[in-house]
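Novice: All chains should be modelled from the sequences, with the hints used to inform the complete structure.
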Amino acid sequence: MPSFWTQLGLLLWKNFTYRRRQTFQLLIELAWPLFLFFILISVRRSYPPYEQHECHFPNKAMPSAGTLPWIQGIICNANNPCFRYPTPGESPGVVGNFDKSILSRVFYDVKKMLLYSQKDGSVGAFQKLFEVLKRFSNSSSDFRLQDFLIDNETLSEFLYDNMALDRYKVSEIMDAGVNFEEVITAGRGLQLKDLCNGTKLEDFVIIGNHSVADYIQNLICTLSENELKKVEQAFYLNLDFLKIAETAMKTNPQSALEVTEATRNVFQNLIKLAEELTSVKSWSDMRREVLLLSHKNMTGSPQELYQAVSRIVCGHPEGGGLKIKSLNWYEDNNYKYLLGENNTDEEPTPQYDNATTPYCNDLMKNLESNPISRMIWRAMKPLLVGKVLYTPDTPVTRRIIKEVNKTFQELSVFQEVGVMWDDIGPKVWKFMERSQEMDLIRSLLTKPTTSTYLSYRLAGTSWTASDIYNFLVKYPEDAQYSNGSAYTWREAYNETDQAIQSLSRAMECINWDKLEAVSTEEKLINKSMELLDERKFWAGIVFMDVDSNGTEPSEHVKYKIRMDIDNVERTNKIMDGYWDPGPRADPFEDLRYIWGGFAYLQDIVEHAIIRTVTGSRKNTGVYVQQMPYPCYVDDLFLRVLSQSLPLFTTLAWIYSVAVIIKGVVYEKEARLKETMRIMGLNSGTLWLGWFISSLIPLLISAALLVIILKEGNILPYSNPLAIFTFLATFGMVTILQCFLISTLFSKANLAAACGGIIYFTLYLPYVLCMAWQEYITYPVKIFASLLSPVAFGFGFDYFSLYEEQGVGVQWHNLFSSPAKGDEYNITTSIVLMVFDAVLYGILTWYIEAVFPGQFGIPRPWYFPVTKSYWCGETVKNMKLLQCKQNGTSQIYMEEEPTHLKLGVSIQNLVKVYRDGKKLAVDGLTLGFYEGQITSFLGHNGAGKTTTMSILTGLFPPTAGTAYILGKDIRSELNSIRRNLGMCPQHNVLFDLLTVEEHVWFYARLKGLSEKEVKAEVEQMVVDVGLPNKRKETTRKLSGGMQRKLSVALAFVGGSKVIILDEPTAGVDPYSRRGIWDLLLKYREGRTIILSTHHMDEADILGDRIAIISNGKLCCCGSSLFLKNQLGTGYYLTLVKKDVEPSLSSCRNSSSTV
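The opening position of the sequence shown corresponds to residue 1 in UniProt numbering, with each subsequent residue numbered one higher.
To be clear, the hints were calculated from the coordinates, so they are not data collected in a lab. Computed from a prediction, not measured in an experiment: that's the story for all the values here. Careful, some of the hints might be misleading.
Unchecked claim - Straight-line C-alpha distance at most 30 Å; calculated BS3-like pairs for lysine-lysine: (1) Lys1036 / Lys1081; (2) Lys430 / Lys272; (3) Lys1081 / Lys967; (4) Lys229 / Lys430.
Unchecked claim - Listed next, with one range per pair, are the computed distances between beta-carbon atoms: (5) Ser1009 / Phe815: 48 to 56 Å; (6) Lys901 / Ile757: 50 to 58 Å; (7) His1094 / Ser1009: 36 to 44 Å; (8) Ser91 / Ile39: 42 to 50 Å; (9) Ile842 / Glu569: 42 to 50 Å; (10) Ile39 / Cys631: 25 to 33 Å; (11) Asn713 / Gln25: 51 to 59 Å.
Just so you know, even glycine gets a beta-carbon here, dropped at the ideal spot from N, CA and C.
Specialist: Right under this line is the structure:
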């Protein structure tokens, strides 16, 4: 017999020849993993690693820091932005981060203007001017209306053209006297329409002609309000208050100088005020952003609108800092709750809240309509409208809660802004439109000298005297537009009114009565559950160890805050499971204590306790500062790699798994496996050959994958040899897993389809383990790793984590875990995969032995503990026992040819199939001798094939045994098969091997040398009549050619015992005769057992004929003996003169008719 290495080499040659000739399948097997990983590379190209700069985070102001910083912190830290440079709050002596925000600058400018107003002399200057004018009017009483008009006035022409007044009436009006003292004292804010409501025109203007005066008075009372405004507009356009001072310089110079000096003083103060106002940039910036947020301009994206809000409140847009995404976003699904998904397909419709106003309901509906605003609103809703419950309700707790409530009372001042504006707003409007002060300012701005001087003083600013005049103009039609439009005080007033009204209505949506007492903690929990359903629960405060009757708090007040678990982190989570680069900066996951309002409420309560216990009113503002984080590589791809890489690698080899399983099961299904074993092949060698031939393609695939993983920047940091070792280990255990799966099937195509599904199904427990990783303990991991894809998934998860940390898997960290306190590591994964491989191999060996399938001898389930399996049994050569007569039936037996060597001896052989109802062989005793062809006859189902299968080891005997060349088939089958040749009913050929490769393969398998094999191949090809087909694969041969080759292979390698099961079944007469010639040629020195249905074939070829029926021997002897014993009727004997050489050896050429 050939050596182990020879047999192994033959199997590897056969398997690799098969793979090489299945070119398309081999290409798919190698290309499929590459295709999947090229997909990963394309994803990697879309998400390259990003080198993040260092992160500095704005501090978070607590309520004690002040209302404005607190509100700014809530809005500006909504996404917890990261800045590459230190924030202002990190500088020594600076706590505010949002001083550059528009809102902060507005407050600063308001404070600045209020301080300036304390030293502003404008009001005093105006009062002094009017006093001077009053004295001036007393000293100079002869004033005419035309004295107050500018040179080249147009008022007279306006009256003549538009009021239907003749020249005389217009002249009387221009020459009318002016009661200047009355104008100064009672004329402030007076309009023409007021002259019909008790006040008369003659109180201010005295027209000499009484009829003209009456006519003008009546005309004023009959004109419409619009026409009166046009008259007023024309009058104010021509009015020049200071002209009387210039005119009086000749008659009353002292009084005129006083008026001029007072006017100059007013003008100087107004210039200073204008300079202060023009230095204020926050108003225009605020107006620009507010206009962007107004309903008329809300055409931008939600991001643009949020950036506008951020610029107003924070001083930087939402994109001004880098948004740090959650590094562990896949670890829990609380973000779904935050977004309100709750595993439902549709968003619930917002319910109408009867407890608030229609405006608030519309506002909430709008906030719910946008995903971004909905996310922020649902997170902020408990803080804005939520209740704070507290227990117990005692005098001490009420004192503390009263102090807590002061913080919310300070916030409620925003609700009173609307009421305050309703009171002062109309007064502001009236002052701007009707006051003499504003009229005087407008008059000054129209004078060329003052206008030029004011523009000179405002040089370097964005304002000019014309801009100020257009802003303060009395009527919009009076504005002198340079670019087609002008921004006036009316627009400013309307915008301010709209903003204050919107703020006031929005403040109505906030629940300022937040605090509510509950008697016990149990009731607090019940009440909070009701409020949670409406998302109106902020927190519950439970004061502990409080005296129910006491009035003074103790020095140490103990309390706890109870909140919804989705708004705070779990109290048992101290740190992340493993370290990864990047700060804990996700506002929804990492900063829940701030985002959810826990820290805010804690700050309010603790300051309330301090004030209650100490009685001190001093307040110390608290800011929470997150530590800066150094620069790092942010790789979003690597964060999700742990989930995708094991899946991709598992899928990459699913086709190879199907190919391996199909190949193994195909050899079992086609009986090729048992045929090779009959030819002397050891089962262990067969499995090892399959293992090596399957491992090499997987190793090639693994090497290519390592190149892709490294060059594709998927695992850039890990040692490539470590990656290859890990993949090779998984490839090894996968092959053993395929062997185990193959034992469950007997059909190749079904095994290939189901095997791939089973292989992938064994990966799915890893997905569950990752979903429940927080609850998976080390022993559970070890148990789950008995499934090799799970162990592989755990290992590759650590590869991903090490890559995310920028370290990668190296030889020095194979024994450590990236997660703190984790006993599992990559070495554990490798060791467990090796253990799995051994386990799968043992299970394959056991199942193959106990459940060999349709063909093979099953061993008892306890065979591993039997001595005979490991040590073997010594069996002595036995002579053929005499046939016993069973029952009353007579067996015709010719005398045994004892001079010949006994090749096969069957001793009381019994075969009962497993159901116990079918007796296939019933106590058969028979001998077969060397140098003879024994024809084995019987009807269908007589037991011929069963007997032959038992002799070859395909079926085990139920009772009795058989000896082949003196060896027991029950214990020495492997030794027997070295000299055993078999041709079953169907062809056992490898369809991708050629004719000469078949002969060469089986000859080498039998142990022939290369020289002997070459001669054997040449001789056998000629003997089977296929010299022209020697290079053809067997699947291209005809059925007769395939059958002749199958018969010939039974004789390859000098087999001493040949078993042929209907070798000529289904072949044409020519091929049949060729098979006869082959059998007669190779009969010498061999024991040949031939089963057939053809009597002529048995008569011609058989030296002895054995006939069985229903598993029992009926007769056995030569053809002549059986004819003499059993023959009846007439005989016709024909003798040819020239006997054919092929039949010369036949003893009897007679044929029975």
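Novice: The structure should be examined with respect to each hint, and the outcome stated for every one.
Specialist: Structure-based check of each hint:
1. Lys1036 / Lys1081: Given pair Lys1036, Lys1081 holds - Cα atoms ~27 Å apart, limit 30 Å.
2. Lys430 / Lys272: holds (24 Å)
3. Lys1081 / Lys967: holds (27 Å)
4. Lys229 / Lys430: holds (15 Å)
5. Ser1009 / Phe815: 48 to 56 Å: holds (51 Å)
6. Lys901 / Ile757: 50 to 58 Å: For Ile757 against Lys901, whose Cβ atoms are near 54 Å apart, the range 50 to 58 Å holds.
7. His1094 / Ser1009: 36 to 44 Å: holds (38 Å)
8. Ser91 / Ile39: 42 to 50 Å: The hinted range 42 to 50 Å holds for Ser91 and Ile39, with Cβ atoms some 49 Å apart.
9. Ile842 / Glu569: 42 to 50 Å: holds (47 Å)
10. Ile39 / Cys631: 25 to 33 Å: Between Ile39 and Cys631, where Cβ atoms are some 31 Å apart, the hint holds.
11. Asn713 / Gln25: 51 to 59 Å: With Cβ atoms ~31 Å apart, the hint is violated.
Of the numbered hints stated above, the single one contradicted by the structure is hint 11.
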